[in-house]
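Trainee: From first to last, the protein sequence lines are chains L and D.
Residue numbers for the first sequence follow the working numbering, so the first one is -11 and each next one is one higher.
Residue numbers for the second sequence follow the working numbering, so the first one is 1328 and each next one is one higher.
What the hints contain is simulated information worked out from the structure, not anything from laboratory work.
For each residue, glycine too, the CB sits at the ideal point set by N, CA and C.
Facing chain D, a subset of chain L residues (Cβ under 7 Å, in silico):
| no. | residue |
| --- | --- |
| 1 | A34 |
| 2 | G35 |
| 3 | V36 |
| 4 | P51 |
| 5 | R52 |
| 6 | T55 |
| 7 | M56 |
| 8 | H65 |
| 9 | P75 |
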Amino acid sequence: MKITDLKKKLDKFSLDIKSLEIPEGKIYGIIGPNGCGKTTAMKLMAGVMKPDSGKIDYCGLTPRDITMVLRKPYLLHDTVERNLIYPLKLRKIKPDITLIDHYLEITGLTDYRNKYALTLSGGEQQKLALARALIFSPKLILIDEAFSNMDIESVAFFEDYILKTQTEDPLTKTPSEPKTFIIISHQLSNIKRMCEYTFFMHNGEIITSGETDKLLSSPDNDKLKQYLNYM
Amino acid sequence: MFELLDRETLGIIILTLQMTLLSTAISLVLGVPLGLWLDRVNFKGKSILVLINRTLMASPPVVIGLVVYLLLMRNGPFGSLGWLFTLQAMVIAQVLLLTPIICGIVYTASQRSSSHIRSFAVTMGATKWQTQVLLIKELGNEIYFAAITGFGRAMSEVGAIMIVGGNIRYHTRVMTTTISLLRNRGEINQAIFLGAILMLIALAIQIIAGILRKRERRTDENY
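Take these sequences, add in the hints, and give me the full structure.
Mentor: The following block contains the structure:
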């Protein structure tokens, strides 16, 4: 993905990304204080929001190859299972029962498959939304603080799961085309564990970026240093 | 009781149901997309359009009846259709009353949740058509409420249909206009009987709609 001169003015701030290149097949992190534009940037990348100006070149990816898991996920007024298979239904793919069972199992929702999804707890809703985003194997997956309501054990499980299935088919365990993940999180542990490369945003701009370990252990920017001091 | 339910009364009940169901169905077909469209678009004068719709939601039925009468009267712009004092005229008046109500309810519901639904649809890679289908499905409860409200309004309406229907025996006489006529004649027992039947029909339709809605949720498994 290549972003050039992307601008979006909102009530409280303006997003301005001059130039950004995100090579495919890796896991990226976006960090920054509240209101710095992380979610707006992600929504623009996902096509949920339209920019005022600028360009996003998806390098051959279509909207059907991209998904985003929102912080407050939208769940259909329907059962857990029907929520899970919704993206497959949109693509007229008959869902394989093994696939459904697999995702119900990893989310711990096997016993709730016929339950109304909106009765789930916040953490369970996030797990369902995450599984729904992964079930159709999109090439670009944008995750906006989707672990925020999960317990520590579940977060660790999904971190492992994403790391494993990024390059491997979850059912056959055979190598697959590497997927690209972009993750927003306020938990630096998520970013450190999962992301190869991280962007730091402040006041609507990406002010520094680099390999995650290096960026977080020896920050080259005062704003980033200040941000990390509070974490 | 059965003496009261003669052939004429049965005809009145059937005509009432025809008029009410037809006008509710047409108003839903017009009002739901209009409400969704009104939420989706932004243009100069949109607030005026919303204000007009809200005013029409509370429009007095006799005024609507009068407008339809003027349009359909022999010398009116649509007089050649010969629809005045027919079922068609009554349905048109009902549709003009119901459509703004349904549109208003759907617009308000859509304003509250459509942006979340549309964003979700984008994240799932839905096409424009799939997004519209999703919107209607997710706003199902509100659309159901709009339909029931519209149906209730159509069922209880007197003023407009009296003007454009004329309350003609065996032709355009419906339950509400008959009740009004019976009261004027002092035939209170028959009026109360018809009123009770009207309430029972409303209750039966609510129950049937509720059952259909539950069944629709259960049987939609065509993945």
